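S.K.: The primary structure of each chain is shown beneath.
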Amino acid sequence: MRFVDEYRDPAAAKSLVNAITRLSGELGRTLRFMEICGGHTHTIYRHGLEQLLPEAVEFVHGPGCPVCVIPMGRVDDAVWLAHQDVIFTTFGDMMRVPGTGGSLLQAQANGADIRFVYSPLDALKIARDNPGREVVFFAVGFETTAPSTAVTVAQAAKLGVENFSVFSNHVLIRPPLEAILGTGGLQLDGFIGPGHVATVVGSDHFQFIPAEHKLPIVVTGFEPLDILQAVDMLLTQYSEGRCEVENQYARVVRPEGNEAARRLLDEVFATRETFEWRGLGYIPHSGYQLAPAYAEFDAERRFTLPGARVADHPACQCGLVLTGQLKPWECRVFGRGCTPERPIGTCMVSPEGACAAYYNFGRLHREAAAIKL
Amino acid sequence: MCLGIPGEVVELLGEDLATVAVNGVKRDISIGLLDGVKVGDWVLVHVGFALSAIDEAEATETLDQIKKLGRVWDEELDAFKETAIR
Numbered sequence: 069m070r071f072v073d074e075y076r077d078p079a080a081a082k083s084l085v086n087a088i089t090r091l092s093g094e095l096g097r098t099l100r101f102m103e104i105c106g107g108h109t110h111t112i113y114r115h116g117l118e119q120l121l122p123e124a125v126e127f128v129h130g131p132g133c134p135v136c137v138i139p140m141g142r143v144d145d146a147v148w149l150a151h152q153d154v155i156f157t158t159f160g161d162m163m164r165v166p167g168t169g170g171s172l173l174q175a176q177a178n179g180a181d182i183r184f185v186y187s188p189l190d191a192l193k194i195a196r197d198n199p200g201r202e203v204v205f206f207a208v209g210f211e212t213t214a215p216s217t218a219v220t221v222a223q224a225a226k227l228g229v230e231n232f233s234v235f236s237n238h239v240l241i242r243p244p245l246e247a248i249l250g251t252g253g254l255q256l257d258g259f260i261g262p263g264h265v266a267t268v269v270g271s272d273h274f275q276f277i278p279a280e281h282k283l284p285i286v287v288t289g290f291e292p293l294d295i296l297q298a299v300d301m302l303l304t305q306y307s308e309g310r311c312e313v314e315n316q317y318a319r320v321v322r323p324e325g326n327e328a329a330r331r332l333l334d335e336v337f338a339t340r341e342t343f344e345w346r347g348l349g350y351i352p353h354s355g356y357q358l359a360p361a362y363a364e365f366d367a368e369r370r371f372t373l374p375g376a377r378v379a380d381h382p383a384c385q386c387g388l389v390l391t392g393q394l395k396p397w398e399c400r401v402f403g404r405g406c407t408p409e410r411p412i413g414t415c416m417v418s419p420e421g422a423c424a425a426y427y428n429f430g431r432l433h434r435e436a437a438a439i440k441l
Numbered sequence: 014m015c016l017g018i019p020g021e022v023v024e025l026l027g028e029d030l031a032t033v034a035v036n037g038v039k040r041d042i043s044i045g046l047l048d049g050v051k052v053g054d055w056v057l058v059h060v061g062f063a064l065s066a067i068d069e070a071e072a073t074e075t076l077d078q079i080k081k082l083g084r085v086w087d088e089e090l091d092a093f094k095e096t097a098i099r
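Keeping their order, the protein sequence lines are chains A and B.
In this text, residue positions in the first sequence follow the numbering used here: the first is 69, and each later residue adds one.
In this text, residue positions in the second sequence follow the numbering used here: the first is 14, and each later residue adds one.
Since no wrong hints were added, every one of them can be taken at face value.
Heads up, simulated BS3-like pairs for lysine-lysine below, C-alpha to C-alpha not over 30 Å straight-line:
| hint | chain 1 | residue 1 | chain 2 | residue 2 |
| --- | --- | --- | --- | --- |
| 1 | A | Lys-82 | B | Lys-80 |
| 2 | B | Lys-51 | A | Lys-193 |
| 3 | A | Lys-82 | B | Lys-81 |
| 4 | B | Lys-51 | B | Lys-39 |
| 5 | B | Lys-94 | A | Lys-82 |
| 6 | B | Lys-51 | A | Lys-226 |
| 7 | A | Lys-282 | A | Lys-395 |
| 8 | B | Lys-81 | B | Lys-94 |
| 9 | B | Lys-94 | B | Lys-80 |
| 10 | A | Lys-226 | A | Lys-193 |
| 11 | A | Lys-226 | B | Lys-39 |
| 12 | A | Lys-395 | A | Lys-82 |
| 13 | A | Lys-193 | B | Lys-39 |
The set of hints was computed from the structure by calculation and includes no laboratory data.
What you are looking at is a predicted structure, and each value in this text was computed from that prediction instead of being measured.
Work out the full structure, taking the sequences as your base and the hints as a guide.
M.R.: Take a look at the structure:
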């Protein structure tokens, strides 16, 4: 497949690994790089990149899985909404996320009319095809996905689709990074920057990382060679004494991002005073709600949600995994109480969750590596 | 769900819609977030929207860099292995 297969060439990967190994040896210490985006975590485990690289290069998983960071209380609100005689539309990833009284999948089995959609526009079409029913779209995602919801809401307003509303759980990328960097508990040497968020916000959006936190960041694509090249670029910055934002994913990401998408975000959304994140707690100005001009499409105004704050399952350690403080296999319930079939925490649900990616792919590579040793 | 896939624009449908082909599968998407989309362009598709134009020259450049980088180090390593001072 064009723009995909050529970035999976094993021979090129091998020579890149050699380059990284040499550079890492010259630097003579362990460097820990956080991959912010869950899509990167997935690629790293799926392709066994951890085992290809020298031990002195360590990946730390970050908070960039939008499904994983939704707190339990919001999942409960979604399940409650789904039971209000509505057609509840959602991305498939959210279906198995456990709430206090079960997941959306279980709610569906209990008779709630819940439908998967690939795009928010599919949800709007369902609303137009069912004028007698209320249709709610469960919106999740970072700045990557929020513009799509924004276009859909603007379209609903233009067409006057009165039976459509959005339960917005859209979040922003910078606040959780500031939260993680601000705690100081986590020793990091740089970031593999989120390529798809950057298509919207632009690679320049991450200038605060070198400027304020003195760490390098390389905005990166999602194929194995992209990630290996990003590691090489980060190590090269150290080797040459530089600390800056670099863009490895220039084929897709521009420094200024997608200005049309950002204008729409500003028009359709307003930043919330605060928003709760799983594992990170409440972070000021970190979530989007619909702007006053579009309030009539806001499910949180149309329905009176329970809105309860619910603590995570006591055994669940997703919070520590999401902030890079714990590796998936170090969680006390990993693979025992918590599996992709019967997840306790969100990190085991989404394919982009660190635990699910490690459970499905990573542990096999690790076991294979251990046998070779 | 955060994934984006490269698709080739095969037809413009008007009203900010276009048909794209992804790995042989055709589907209609919105091009409302991207200006100046033409038939034959490659775009990154995310949840039914073209989010960004894929720059062919940059794609080639990145691959060239990757290959060159690997080659230089490999040659260096081969040369290193060949040294026989004693």
